[in-house]
Amino acid sequence: MKNERWIPVLATLLVLLLLYAFGVSQYRNFASTLVLGNLLTDNAFVIIAGVGMTLVILSGGIDLSVGSMIAFTGVLIALLVGQAGWHPLAAIGFALLLGTCIGAIMGYLIDAFELQPFIVTLALMFLLRGLAFLLSLESVPIDPPFVEQFANFRIPLPGRGWLTASALVMLVVLLAGMVLAHYTRFGTNVYAVGGDKSSAALLGVSVRGTLVGVYACSGFTSALAGVIYTLYTASGYPLATVGVELDVIAAVVIGGTLLTGGVGFIFGTLLGGLIQGVIQTLIAFDGSLNSWWTKIVIGLLLFIFIVLQRLLSRSFGSMLKAA
Amino acid sequence: MPPSALLSLRDIAISFGDFKALQAIQADFHAGEIHALLGENGAGKSTLIKVITGVYQPDEGQLFLDGQAYRAGGSAEAQALGISTVYQEVNLIPTLTVAQNLSLGRQPTRFGLVRWGAAQRQARALLARLELEIDVNRPLGSYSIAIQQLVAIARALALDAKVLILDEPTASLDGHEVEVLFGLLRQLRAQGMAIVFVTHFLDQVYALCDRITVLRNGRLVTSAPIAELPRLKLVEQMLGRQLAPSDSPTQDTARQSDKQQHPLLLEVDRLGRKRMLEPLSFSLRQGETLGLAGLLGSGRTETVKLLFGAERADSGQLRLAGAPCTIHNPRQAIRQGLGFCPEDRKREGLVLELSVRENLILALQAKRGWRKPIPEAQQQQLADEMIRALGIATPDAEKPVGQLSGGNQQKVILGRWLIAQPRLLILDEPTRGIDVGAHAEIVALIRRLCAEGMSLLVVSSELDEVVVFSDRIMVMRDRFKAAELTAPLHPNDIIKAIAS
Amino acid sequence: MTLPLSLSQAPQRRRGTGGGTHQQWLLPVTALALIFLVNALLSPSFFSLGVVEGHLYGSLVDILHRGAPLALLAIGMSIVIGTGGIDLSVGAIIAICGSLMAVLIQQDVSPLLTTLLTLGAGLLCGLWNGLLVAVLRIQPIVATLILMVAGRGIAQMITGGQIVTFHSEVFGQLGSGYLVMLPMRVILTALVLGLLIALVRRSALGLFIEAVGGNAEASRLAGIDSRGILIGAYLISGLCAAFAGMIIAADISGADANNAGLWMEMDAILAVVIGGASLAGGRFYLGLTLLGTLVIQSLTTSILVSGLPAQYNLLVKALVILVFLLIQSRPVKQRLLGWLQRRRPSPKS
Chain A
1 MKNERWIPVL ATLLVLLLLY AFGVSQYRNF ASTLVLGNLL TDNAFVIIAG
51 VGMTLVILSG GIDLSVGSMI AFTGVLIALL VGQAGWHPLA AIGFALLLGT
101 CIGAIMGYLI DAFELQPFIV TLALMFLLRG LAFLLSLESV PIDPPFVEQF
151 ANFRIPLPGR GWLTASALVM LVVLLAGMVL AHYTRFGTNV YAVGGDKSSA
201 ALLGVSVRGT LVGVYACSGF TSALAGVIYT LYTASGYPLA TVGVELDVIA
251 AVVIGGTLLT GGVGFIFGTL LGGLIQGVIQ TLIAFDGSLN SWWTKIVIGL
301 LLFIFIVLQR LLSRSFGSML KAA
Chain B
1 MPPSALLSLR DIAISFGDFK ALQAIQADFH AGEIHALLGE NGAGKSTLIK
51 VITGVYQPDE GQLFLDGQAY RAGGSAEAQA LGISTVYQEV NLIPTLTVAQ
101 NLSLGRQPTR FGLVRWGAAQ RQARALLARL ELEIDVNRPL GSYSIAIQQL
151 VAIARALALD AKVLILDEPT ASLDGHEVEV LFGLLRQLRA QGMAIVFVTH
201 FLDQVYALCD RITVLRNGRL VTSAPIAELP RLKLVEQMLG RQLAPSDSPT
251 QDTARQSDKQ QHPLLLEVDR LGRKRMLEPL SFSLRQGETL GLAGLLGSGR
301 TETVKLLFGA ERADSGQLRL AGAPCTIHNP RQAIRQGLGF CPEDRKREGL
351 VLELSVRENL ILALQAKRGW RKPIPEAQQQ QLADEMIRAL GIATPDAEKP
401 VGQLSGGNQQ KVILGRWLIA QPRLLILDEP TRGIDVGAHA EIVALIRRLC
451 AEGMSLLVVS SELDEVVVFS DRIMVMRDRF KAAELTAPLH PNDIIKAIAS
Chain C
1 MTLPLSLSQA PQRRRGTGGG THQQWLLPVT ALALIFLVNA LLSPSFFSLG
51 VVEGHLYGSL VDILHRGAPL ALLAIGMSIV IGTGGIDLSV GAIIAICGSL
101 MAVLIQQDVS PLLTTLLTLG AGLLCGLWNG LLVAVLRIQP IVATLILMVA
151 GRGIAQMITG GQIVTFHSEV FGQLGSGYLV MLPMRVILTA LVLGLLIALV
201 RRSALGLFIE AVGGNAEASR LAGIDSRGIL IGAYLISGLC AAFAGMIIAA
251 DISGADANNA GLWMEMDAIL AVVIGGASLA GGRFYLGLTL LGTLVIQSLT
301 TSILVSGLPA QYNLLVKALV ILVFLLIQSR PVKQRLLGWL QRRRPSPKS
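Going line by line, the protein sequences match chains A, B and C. By our numbering, the letter at position 74 of the first sequence is numbered 74, and the numbering carries on one by one without gaps. By our numbering, the letter at position 478 of the second sequence is numbered 478, and the numbering carries on one by one without gaps. By our numbering, the letter at position 24 of the third sequence is numbered 24, and the numbering carries on one by one without gaps.
Worth flagging that the hints you see were computed from the coordinates, not collected in a lab. This structure is a prediction, so every number in the text was calculated from the model and none was measured. Any given hint could be a false lead.
To be verified - Derived pair list, reagent style DSS-like, types lysine-lysine, alpha-carbon separation capped at 27 Å:
| no. | chain 1 | residue 1 | chain 2 | residue 2 |
| --- | --- | --- | --- | --- |
| 1 | A | 197 | C | 333 |
| 2 | B | 20 | A | 197 |
| 3 | B | 20 | B | 233 |
| 4 | B | 346 | C | 333 |
| 5 | B | 399 | C | 333 |
As the list claims (entries may be wrong) - Computed Cβ-Cβ distance ranges for the label pairs, DEER-style:
| no. | chain 1 | residue 1 | chain 2 | residue 2 | range |
| --- | --- | --- | --- | --- | --- |
| 6 | B | 186 | C | 337 | 26 to 32 Å |
| 7 | B | 112 | A | 22 | 40 to 46 Å |
| 8 | A | 171 | B | 274 | 49 to 55 Å |
| 9 | B | 121 | A | 155 | 38 to 44 Å |
| 10 | C | 127 | B | 262 | 47 to 53 Å |
| 11 | A | 25 | C | 199 | 52 to 58 Å |
| 12 | C | 124 | B | 324 | 54 to 60 Å |
| 13 | A | 171 | C | 47 | 43 to 49 Å |
| 14 | C | 34 | B | 217 | 53 to 59 Å |
| 15 | B | 371 | C | 47 | 56 to 62 Å |
| 16 | A | 291 | C | 190 | 36 to 42 Å |
| 17 | A | 171 | C | 198 | 57 to 63 Å |
All residues carry an ideal CB built from backbone N, CA and C; glycine is no exception.
Construct the complete structure from the given sequences, taking the supplied hints into account.
Next up, the structure:
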């Protein structure tokens, strides 16, 4: 493989395989499809949000509002279904639309007012969390029949494992994200804007349209992650998923996407999300290790990957400097 | 009567406010010709290109393409008409692949999905036209600047261009890469394209071009076939002065010979860096001013930046006052007693938000370190002294330096280094972009500093000035040292050295 | 040729250390006045000060009391932002230092050594960030994200995953003691900030930070050691966070690795933004940053006083940030400026 853009994602794959092989060598049950199915299910919402986050980071931005969006969507759906008597699907549709629109507005603000994505989405993070509290200060349970239908819909895997509805939705979103990023003009425009904004504009790319689209996508996937998370926990809780944006960003970066924008793959985010899942599973299997090791190991991986990216981007950077 | 040339300009004039950027420009660009567009900084080359591509609309005059009057609304429309432009800095996306760059915005699609296979075939076909065989699936940034430049040209040619405008395409290329590019341009010429070629390298003009148009101060100086413009005459035209009839020396030789007794301060041996500067050697005595002359892009700025450690040299040795020394970064240079006023004041010289006072004391403070702040009162005194001594026009020392005029900003940078009291002061185009009065003041200042025993290395495009303040002059051409002139100094000798 | 813009734009900065022009003070002062006004209307007791057992009591004292850690963070953040960077890890550093302090006190380490070790840990964190930014040249937002993620894990490791409580006379004073009618932590914070401001503004450090943040290339060519300056800025930020962490841990006589200092990095950034500094670096205003801290803390306290759920705080804060961001954005400023100039023909130069 002579293309240097693949190096980070290959490194990620290698890390994932090594971790998995380590698990298999240590624990008899680790290789079972049950563990695999759970891995996909438990991390579905992080990876779904990661698809949108990957697009945002590819465009050279960042979205800190993910965790709050998940909580807000959860509370909103729970209230619409439980108190306003909406059909769950209608509530879900409305929440997705709302998330997309909020994202689009963020994209517009970022471009039109020349604001840093980091600080705008930080404001959105507070805003959505505040709105979630405004809707309800307590956890709101959600209508059981639909949740059960959702939970019961699953495809058996060979062995004892299941491919749950959450995992299926995640795989569909992942596939859609890959098509969007790699097989549409919009996707190429995202890469172009992230690679060099002013050149992209000169080459006829609509920077504003691209950014609005990118943040709308992230709004949509965050809201969808919220839907999945809500169905998974069968409740909407305004204090849910605090700090999940960091897990999502970590998944994207460990997945080989350059935080400076322009380089990376949606598929890498799946790997990044799974690495976090495998680490958690390993720690759970071990029993004697504590949960904080997850954070420390993820921090360490972040460090390694960021330094790796830094070294790689020097080969791109030498060109940028000379131009 | 419609002109016969492929692209013709008739009586083009454009002004910005009171500033007449172009006046009465006539030019004909013929099919199957490479046409050099030359001129020093501010001559109006880039404005003219922007008029041709429709970025600017001329106030007067007409543009003809294929005998038809045309008016383009911007580079995209110009491209649709068949006029493509490639700028000096490659305006492509380094992180995208070559094929993605070539197809951006016009990818072949089916049901809204991009057909990358087709896009790659198209990209290969485009590159094949330039006899360029590279892997189109690799990121553009992984290729050399020359290849990237060629890819940019390929993109420009994708829409059946009739006219190709190249704005300094060779500025960042090495010798071999230039050859590759020239091969392509000759081939395009043979295919009947009209090529407009902007460059600062005279050798390249004579190696490649068929016709030359020279601009100066927004006016057309000459437009002639290459055979009618020998080198010497071309340089005269560009600089706007003829060889004076009598070779009267402008300097007293007595002063010069006197300085031969001064001890050597700086000896530079084969200082250079790949793609930037061919290794060159020179020396400088105490209390001596060495002028550095040459056309724009000839390697003058590169020389002084390498000397000061602003760019890392990859070859060369330095000796200061007889002792060997290494300079890898500006801090080391400053510790050795060097000072440097860069040409690009806003980007490399000033911190625009900070006040005149803070900018003035910056170098001295950096030399002392952060632990030993210059007392407030002393700062005030130094700043006021410098404002008075250099005649910096500012109501007081606390004004943000970004709000001063160009000449006053230049004086602030000069003042910064005078406060730091270097042994050797390097000035890069100290009189660029400032008004005539300030010019004279700065020339006088250089002479005074020199008389006080400071050594100076001064880059200047102003021939009349450089002979006045220099004791010796080093002439640069095409990134190497072309000549070293000693007293009696005369602008004629510089022109001859540049054209040699 | 003088540009008309330069005449009315950005009047000169006043000399000295306070920082900022009259215009820059206008917005945060107005915001603070507005918050106080609303409070005065809602609950007249807001401004009442009482003395109980020789201690000053009242909402205003409470704002200072609770705002002390944030003020420390904001000053450190302001300096880092001045260099054109950002420090996302200060919340995590609070957790690390608080946890370390709690564990050390539990182990009966002397208060002096505990203090030194805790502050040292903060410096170490700052050094890590500084090395990543200055030597490896990683973007600050990315570099400090690493410690932001890993830091809480480290803090949990130190406490063994539990909330560690302790009893200490000395540190109890730091958390809730009083000295001459005022809370001890307010006095200590003022002392530390005073020293810090003196360090930055009485040495050439402040000038160098502003120069590096304003124009890194020009600073390099003027001979400033930008690498050292950057590391220094992150060191200061780490030290401030460590001290804030000590106060927070002392306050509750315990360390909560999960929640101590959670989102405080965001509040600190907001305080700097409300203080009018550009996130792009350059001029930083310590006085204005403290004012920004007051605005944020007053908002928080007023919501508490008003009886609304504390969680609404987030909503109000978000709206305040958005308003400040939009008002200070370049396009809006330009449009405002253009409008002002049409209204008032510029004076002759």
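Hints and how they fare:
Only pairs whose Cα atoms come within 27 Å are accepted, and residue 197 of chain A paired with residue 333 of chain C is accepted, the gap being roughly 23 Å. For the given pair, residue 20 of chain B sits about 33 Å from residue 197 of chain A by alpha-carbon distance, which is inconsistent with the 27 Å threshold. Our distance criterion of 27 Å between C-alpha atoms is met by residue 20 of chain B and residue 233 of chain B, whose separation comes to about 26 Å. For the proposed pair residue 346 of chain B and residue 333 of chain C, the alpha carbon gap of about 22 Å is at most 27 Å, so the pair holds.
A distance of roughly 21 Å separates the Cα atoms of residue 399 of chain B and residue 333 of chain C; the hinted pair therefore holds under the 27 Å criterion. A hinted range of 26 to 32 Å is violated for the C-beta pair residue 186 of chain B and residue 337 of chain C, which are about 53 Å apart. Distance hint for residue 112 of chain B and residue 22 of chain A: a CB-CB separation of about 43 Å, consistent with the stated range 40 to 46 Å. Between residue 171 of chain A and residue 274 of chain B, the C-beta spacing of about 51 Å keeps the proposed range 49 to 55 Å intact.
Range check, residue 121 of chain B to residue 155 of chain A: about 40 Å between beta-carbon atoms, so the 38 to 44 Å window is met. The beta-carbon spacing between residue 127 of chain C and residue 262 of chain B, approximately 49 Å, falls within the hinted interval of 47 to 53 Å. Here the CB-CB span from residue 25 of chain A to residue 199 of chain C is close to 54 Å, well matched to the stated 52 to 58 Å. Distance hint for residue 124 of chain C and residue 324 of chain B: a CB-CB separation of about 40 Å, inconsistent with the stated range 54 to 60 Å.
Separation of residue 171 of chain A from residue 47 of chain C is about 60 Å and departs from the stated range, judged on CB atoms against 43 to 49 Å. At about 57 Å, the beta-carbon gap between residue 34 of chain C and residue 217 of chain B stays in the expected band of 53 to 59 Å. Taken as a hint, the range 56 to 62 Å is violated for the pair residue 371 of chain B and residue 47 of chain C, whose Cβ atoms sit roughly 44 Å apart. Distance hint check for residue 291 of chain A and residue 190 of chain C: the Cβ-Cβ separation is about 39 Å, which falls inside the suggested range of 36 to 42 Å.
Between residue 171 of chain A and residue 198 of chain C, the C-beta spacing of about 59 Å keeps the proposed range 57 to 63 Å intact.
Checked against the numbered hints given earlier, this structure breaks hints 2, 6, 12, 13 and 15; the rest are met.
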